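Number of protein chains: 2
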Amino acid sequence: MALWCPKTGSVEWLNLEEALAGHDLTFFSNLIFSRDTLQTTCAMAGAKDGGLSRLSCDDNDKIARDHFATEVKALGADYVVDAMGCQWATIEGENNSIPPIGIGSHLDSVQTGGKFDGPLGVYTALEVLKVLRASGKKTYAPISAINWTNEEGARFPPGCMSSAVWSHELDIDYAHKCTDTMDRSISIKDELSRIGYLGTKEVSHKTNPLSAHFEIHIEQGNRLEKSGKDVGVVDTIQGMRWFDVSVRGTTRHTDTTYMNNRQDALVGAAKMVLEVERIGRDSKTGMATVSLFKSSPQNFCNIPSIVDFSFSMQHTDLATLKGMEAQIEEFVHKTAQESGLQITNYQNIWSFDPGVFDAEAVSCVEEAAKDMGYSYDKLCSHTGHDSIYTRLVCPTAMVFTPCRDGISHSPLEYASPENCSIGAQTILGAVLRYDEKLRKKYSS
Amino acid sequence: MALWCPKTGSVEWLNLEEALAGHDLTFFSNLIFSRDTLQTTCAMAGAKDGGLSRLSCDDNDKIARDHFATEVKALGADYVVDAMGCQWATIEGENNSIPPIGIGSHLDSVQTGGKFDGPLGVYTALEVLKVLRASGKKTYAPISAINWTNEEGARFPPGCMSSAVWSHELDIDYAHKCTDTMDRSISIKDELSRIGYLGTKEVSHKTNPLSAHFEIHIEQGNRLEKSGKDVGVVDTIQGMRWFDVSVRGTTRHTDTTYMNNRQDALVGAAKMVLEVERIGRDSKTGMATVSLFKSSPQNFCNIPSIVDFSFSMQHTDLATLKGMEAQIEEFVHKTAQESGLQITNYQNIWSFDPGVFDAEAVSCVEEAAKDMGYSYDKLCSHTGHDSIYTRLVCPTAMVFTPCRDGISHSPLEYASPENCSIGAQTILGAVLRYDEKLRKKYSS
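Residue numbers (this note's numbering), protein chains in the order written: chain E, 6 to 449; chain P, 6 to 449.
Keep in mind the hints are simulated off the structure, nothing from the lab. Hints are supplied without guarantee of correctness; some may be wrong.
[Stated by the list, open to error] Pairs of lysine-lysine, DSS-like flavour, derived with a Cα cap of 30 Å:
| # | chain 1 | residue 1 | chain 2 | residue 2 |
| --- | --- | --- | --- | --- |
| 1 | P | K299 | E | K339 |
| 2 | P | K339 | E | K299 |
| 3 | P | K182 | E | K299 |
| 4 | E | K276 | P | K327 |
| 5 | P | K182 | P | K206 |
| 6 | P | K339 | E | K276 |
| 7 | P | K182 | E | K276 |
| 8 | E | K289 | P | K327 |
| 9 | P | K206 | E | K276 |
[Stated by the list, open to error] Examples of chain P residues lying across from chain E (beta carbon under 10 Å, computed):
| # | residue |
| --- | --- |
| 10 | E224 |
| 11 | A274 |
| 12 | S296 |
This structure is a prediction, so every number in the text was calculated from the model and none was measured. Ideal Cβ placement from N, Cα and C applies to all residues, glycine included.
Chain E on its own, in the form it takes in the complex (with noise of 0.2 Å):
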């Protein structure tokens, strides 16, 4: 196994049990240091239950922001605050007349998260700049930490919502518009500014340019604990839809009315989620799932005349995921028309098809798994992340860490310390890899 050796600031090889075991942690400390600031970090956002709950621009995003601004801060970073609240921490390299490698993900999290989903990638990118400054190392392009803002969209749907901003997917005027879903009346844009994170910078790959993007992040799924490997290469993802859906029925009396005379929106919509569910489970590989669900009024003698819900679908098949896509909106249709109810919106908020990611960025992950002696497999990414959308315009690339029993978005996420610092390791070798190509591209 290999570390990044501080001391004399080269790759050394080590064995991670005789390290623990004998107590020597001089190696080692730096590379769990990600994993001690999440722990650190989560206890600061107070989850009782062992989970995270750090949404997008609230109190607890705006400590652990802070937290991370002290850190880069302390290393003589560079640091700049973007119009979407991105944090960029960047040191400098021997040549600073390039875009920075960056790497980046996101702190923030959904309602009832775990600790990894998204902190990993962040502290991680915080100890590859720790590493770097300890070593004294140079790269030859400079180094960017990216705390890329409302990752999870979990507050203020979309997510990705900043990647996609920056990668120009998504307008940065309807991004800042984005409501929460608890209490419409409120922004994103008027959230960053009351935490103090909307910054200046222009979020935008044409004036703050990245040579390339990586990112660490859990796997959220079983394959990695299945096969017994130590790593995922991330080469390629799978498509996705989300869509938000209105329906509505009439409200009368539960128990006047009789049962043929009735518009009730909760029946329809629970025929909805039957049928979206059915659509995931006959896609074989691919998910459908109804979350976001209210319904209303909430009265015990009312028919519920009110639902709104949303759902997604997954799929690495473009024509799958299209033709769930229609089976599901065409009976979303069919089921209002025959119950007498209105479909008052149906609306895709977002899209991705399938994709993969840059090759050479890929290569550089997979040759630094391999020359570390990690076991690894080739893997789809199932879900989003924001190098999905720094794909688009820079090369990037992704490691996924095993984690335990494939459970995420739930206090019961884990991924151990010895596999966080492999993933870490990882991430490091291929930035390292890949800077080596941009040494060798812009000196020649």
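Position chain P against the provided structure of chain E, taking the given hints into account.
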């Protein structure tokens, strides 16, 4: 058509169409008062959509209560508030040693209520007191107008709360602790106290008895509208059950969790919603409805793991009702087991069996309608009213008034001024007839 004439203090016959056509509203003015009061107090409640949202013990409820108190005090009625906040306004009769004849209903509404469900009954009671006062006519028994607290149970389930306590079917300590469905930290006792309506009078038919109880209510169905009858003489009630159910699954990431590895509480609950509806339909004349329904976490990327829902069922036949109850319970547990879900709560929170109203009280209603030349149908009450509890401890009967399209619990709820007057006149006639029976009983 007969109307009580305040001028002569006797029941006089007149043609309603003639009276209206000639704009001679002298006799009619009092009898449409209830509807005017109803419009006025609904306007006070600030209902903007033509309906009424006056949840038990909210600020709007206090306004309506204060108005009722002012009106009955102006009549010189004996006014008292009991420990459930019920308002009792009694005018003396010839024999004040016997319990009064009560005329009662409720001023509270559901969240999406209409103007008529409840207030029509209380304002008709107020109207009767006014007619008696204006006419100088003295009944044999005292007459009470009653506003029963929290008939709807929309904010604090269960419904008919105070009449249930008064008839010793519900313990007052239990009732006092019932909490707001939107904020479980608030009890109805807290709210009664806050609005100044936590009285001291014992809530008991033993210490605060009635000789009889009459109630007018909109039908909330369309049987009268279909048959074209003026009024409904209510002689039976259908049975009812209310249940709370909690379904628990496991929340995980929607995009990365394979369909065959899920415990989706929303999918399980959707099956239950549809089965409850099917059982309602198959019961022919009965109803079964899932009404309250809450799902979480409310996040696009999380499989729902927590669903709490409530359902009710109604039927005129006890065996059928019990059969429906058993079928639903079996389905809920079977579905949970098959889907890897837990049912952490399955609780019957309100229950009453099909029943009949007092034959003598019903005959007074029927005779009043008949004598005044109103056409009528004998009807079953499909839902709960305070009368279903008063009937357990004193002779009780109800009058139903036709309402447009049978719609209630909706801003679309509507009963015409003519029908409200006919119903009010029927109540007055029934009370005077019952009063005569009491005179004979106690005089002999």
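We went through each hint and held it up to the structure:
For a cut-off of 30 Å, the pair hint linking K299(P) to K339(E) stands: about 25 Å separates their Cα positions. At roughly 25 Å between alpha-carbon atoms, K339(P) and K299(E) fall within 30 Å of each other, so this suggested pair holds. For the proposed pair K182(P) and K299(E), the alpha carbon gap of about 27 Å is at most 30 Å, so the pair holds. For the given pair, K276(E) sits about 26 Å from K327(P) by alpha-carbon distance, which is consistent with the 30 Å threshold.
As the CA atoms of K182(P) and K206(P) are separated by approximately 18 Å, the hinted pair is consistent with the 30 Å bound. Among the hinted pairs, K339(P) with K276(E) is consistent with the structure: their alpha-carbon atoms are about 19 Å apart, no more than 30 Å. With a C-alpha separation of about 37 Å, the suggested pair K182(P) and K276(E) falls outside the 30 Å cut-off, and the hint is violated. With a CA separation close to 42 Å, the supplied pair K289(E) and K327(P) exceeds the 30 Å bound.
For the hint pairing K206(P) with K276(E), the CA-to-CA distance comes to about 50 Å; that exceeds 30 Å, so the pair is violated. About 8 Å separates the beta-carbon of E224(P) from the nearest beta-carbon of chain E, less than 10 Å, and the hint is met. A hinted interface residue such as A274(P) counts as satisfied when its beta carbon comes closer than 10 Å to some beta carbon of chain E; here the least separation is about 8 Å, so the hint holds. The interface hint given for S296(P) is met, as the beta carbon of that residue sits about 5 Å from the closest beta carbon of chain E, less than 10 Å.
The structure fails hints 7, 8, 9 (numbered hints given earlier, in ascending order).
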